[in-house]
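Same order as they appear, the protein sequences are chains R and D.
Residue 101 in our numbering sits at position 101 of the first sequence; the count goes up by one each step and never skips.
Residue 1174 in our numbering sits at position 174 of the second sequence; the count goes up by one each step and never skips.
Incorrect hints may have been included.
As the list claims (entries may be wrong) - Computed spacing ranges between beta-carbons, pair by pair:
hint : chain 1 : residue 1 : chain 2 : residue 2 : range
1    : R       : Q28       : D       : K1195     : 34 to 44 Å
2    : D       : S1110     : R       : N129      : 53 to 63 Å
3    : R       : K8        : D       : N1175     : 56 to 66 Å
4    : R       : N129      : D       : E1351     : 44 to 54 Å
5    : D       : T1419     : R       : P24       : 44 to 54 Å
6    : R       : N13       : D       : N1032     : 29 to 39 Å
7    : R       : H6        : D       : Q1283     : 49 to 59 Å
8    : R       : H6        : D       : E1024     : 26 to 36 Å
9    : R       : N13       : D       : D1416     : 57 to 67 Å
10   : D       : D1416     : R       : G79       : 31 to 41 Å
11   : D       : Y1004     : R       : E137      : 17 to 27 Å
12   : D       : K1195     : R       : I10       : 51 to 61 Å
What the hints assert, rightly or not - Here are a few chain R residues that sit away from chain D, every Cβ distance over 10 Å (derived from the structure):
hint : residue
13   : T41
14   : S46
15   : R84
16   : Q88
17   : G100
18   : V144
19   : Q147
Bear in mind the hints are in silico, worked out from the structure with no lab data behind them.
Quantities reported herein were computed from a predicted structural model and do not represent experimental measurements.
Backbone N, C-alpha and C define an ideal beta-carbon position, used for all residues, glycine too.
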Amino acid sequence: MPILKHGKIIDDNWQNLADDDVLPETGQVIVSLTRWLADQTELVDSQLSLGVRITGDVDVSTIVSDLNYFDLVAVNFPGIADGRGYSQARLLRHRYGFLGELRATGPLVRDVFVALERVGFDAIEARDNAEAEAWSEAVARITVRLQPDANSALIASFQSAAE
Amino acid sequence: MYAYEPHDQLLVDQRAAQFEEQVERRFEGALNEDEFRPLRLQNGLYQELHAYMLRINIPYGTLSSRQLRKLADISRTYDKGYGHFTTRQNLQLNWLSLKDAPAILAELASVEMHAIQSSGSCIRNVTADHYAGAAPDEIDDPRIWAEIVRQWSTLHPEFAFLPRKFKIAVSGGGNDRAAIAVHDIGLKLVHDDEKQIGFEVQVGGGLGRTPMLGKVIREFLPAEDLLSYLEAILRVYNQLGRRDNKYKARIKIMVHELGAEVVRDLVEDEWLATRDSALKLPQDEITRIRNNFLPPVFEDVVIPDPDHQVQEPGFIAWQHTNVHAHKQPGYNIVTVSLKAFGIAPGDASAEQMYVLANLADAYSFGEIRVSHEQNLILPHVRADQLPALWQSLQRVGLGTANAGLATDIISCPGMDFCTLASARSIPVALAITERLDDLERLHNIGELKIKISGCVNACAHHHIGHIGILGLEKKGEEFYQVTVGGRADDDAAIGEIVGPGFAGHQIPDVIENLIAVYLDIREAGERFVDTVKRLGTTPFKESLYAHSQTR
């Protein structure tokens, strides 16, 4: 599935490793949180760029001290209706200050792109090319924000009061 | 009334255009039904038995005459010329086609209305006391705070896909007329020792198949911290609410399983991290919203001598039940009953909506409210204009003098419309109304709230009916379970099941039986629900199962 980074389709150089895959010598790998917890020393000592993938049941406050090791955190959305990843992203970006790539994975459609970016994702795995290519149109559909975003403190209504 | 700022208008316009595109993609097959369903639900659109149903938000139940006329227009152009006002202060249109829905949303946007998040697993239309701004007992106007919650919850990026639907209600702080104890979050306006305004916060109330009353997790929340506190509750729930079983997914189950104290600690910890964030309400923003809800310019009214007013018994009866005290001397709050004999509870025709919009302009500063008891309210009526108003209401079948009485029944649409229903509810409501169609007798019985749900989802709030009726189905046959003693006021309680269920045709007899027991044992001035509180349900059960044949 295509990956959007800041709205542009990119070549994805990250390799998703299964828990029993052999570690490559070099490159960028995404491992499960289980593997990270099990093989932490080996992973840290390698020459690899590290990413971790987390599922909705992970309490992200438990991985805060590990965030420095990661260039990427992939948050999985098993379906459109499971919204736990929005809070996870919000906390990782805003509360815990994660500065690497925050990637929403799953077959995601254009209708949720705005919300994903607003809670702090900078990369999105789109369902297919049609969805990925619709990014600019999709994020222009609703431009009003009535809540502060993970990256800003602007609220349309509060601004209008100040004007 | 809240008047949209340019950005509010832009949002609803953009949302209508977005939905038009989503519907096109659905018709083209670019979105499958699993992907499309949450999108249409978050625009209020359900696929029902015979057609699409649109649930239109009426935030905190406040409508202008212009908006009511638009709703009447829409019901005529796209539906069958009537609408159904619901227990969540919304309006439902039952006979729509999907292709018309985007145009309807655009029409709604033209009068500062929308259907955003009126369905789906998200924060729903915020409800409030329907007497807000008029009630003599309120601490502050709950609409100000409900509007702030409406804006914050509208398209909140983090909370669009919660474990389950999420309902917030705000009471003005006097008598609870917003049933806050049966909401996911109930907010009650309170003063602290220094007379500062804030909220008592309840969490985890709800009805459905597991009825529960909310638990107070904070006695006093400073008003400026409202949004950060709500956000803390929602963030905890979004992560910890159960997603493995839709019947255990509401926050009430989370509160029940973790315990209110654990939930309070989780919320307070989360809140500490965010309370001084951008969500802290600036004073000038509160003032801006407040200025939208300033009281109308009341006139000095010479209160008419009752002896020289209309002496018709119908008017006297109506005045007794449907006219309520107002904070402004010389004014009254008027309940317009949508429970006329033979009409499905909560239904209003387009013609009635037009007439009511005109009457609101003539008698109530152009304002109308929708109550969670499925009636309409004219909030600011001059005492000397009550007879003229009553006569006008009578002419279009809106003058029924039964507010709060046994025929002021709350009912869900039931099997006649709803795909979730197990049994019919409207015909049962109509049968009860037919049996009790005697105004003198009704007034003698006094306040009695009967609520009828057609399935365990409890849309008609049967658990908090003084008499609650729940339609169920077993082996292809409908039957009805009866509860007694539920209430949603400051002494909120879940009704107690009296025993085995009854067939639908027995329900009018059951109601008569319960009323007979009450009339027999009540003390002077005691309402049905007071008698139940004093004596419990035993006398009612004994009588019911001694005389009725159960199934």
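Structure-based check of all given hints:
The hinted range of 34 to 44 Å is not satisfied by R:Q28 and D:K1195, whose Cβ atoms lie roughly 60 Å apart. Here the CB-CB span from D:S1110 to R:N129 is close to 37 Å, at odds with the stated 53 to 63 Å. For the pair R:K8 and D:N1175, the supplied restraint of 56 to 66 Å holds, since their beta-carbon distance comes to about 58 Å. R:N129 and D:E1351 have their C-beta atoms about 53 Å apart, which keeps the hinted 44 to 54 Å range intact.
The hinted window of 44 to 54 Å between D:T1419 and R:P24 holds, with their beta carbons roughly 52 Å apart. Between R:N13 and D:N1032 the Cβ separation comes to about 31 Å, which falls inside the hinted range of 29 to 39 Å. R:H6 and D:Q1283 have their C-beta atoms about 37 Å apart, which leaves the hinted 49 to 59 Å range violated. Look at R:H6 against D:E1024: about 27 Å separates their beta carbons, and that is inside 26 to 36 Å.
A hinted range of 57 to 67 Å for the beta carbons of R:N13 and D:D1416 is consistent with their spacing of about 59 Å. Checked against the hint of 31 to 41 Å, the C-beta distance between D:D1416 and R:G79 comes to roughly 33 Å, which is consistent with it. Between D:Y1004 and R:E137, the C-beta spacing of about 25 Å keeps the proposed range 17 to 27 Å intact. In this structure the supplied range 51 to 61 Å holds for D:K1195 paired with R:I10, their Cβ-Cβ distance being about 58 Å.
Its beta-carbon lying about 30 Å from the closest one in chain D, R:T41 satisfies the requirement of being farther than 10 Å from that chain. Against the 10 Å criterion, R:S46 stays outside the reach of chain D, whose nearest CB is about 32 Å from its own CB. A Cβ of chain D approaches the Cβ of R:R84 within 10 Å, the least distance being about 6 Å, so the stated non-interface status is violated. With a minimum CB-CB distance of about 7 Å to chain D, R:Q88 fails to clear the 10 Å threshold, and the non-interface call is violated.
Every beta carbon of chain D lies more than 10 Å from that of R:G100, the smallest distance being close to 20 Å; the non-interface claim holds. Distance check on R:V144: its Cβ comes as close as 4 Å (rounded) to a Cβ of chain D, failing to clear the 10 Å threshold; non-interface status is violated. Not every CB of chain D is more than 10 Å from the CB of R:Q147 (nearest about 5 Å), against its label as outside the interface.
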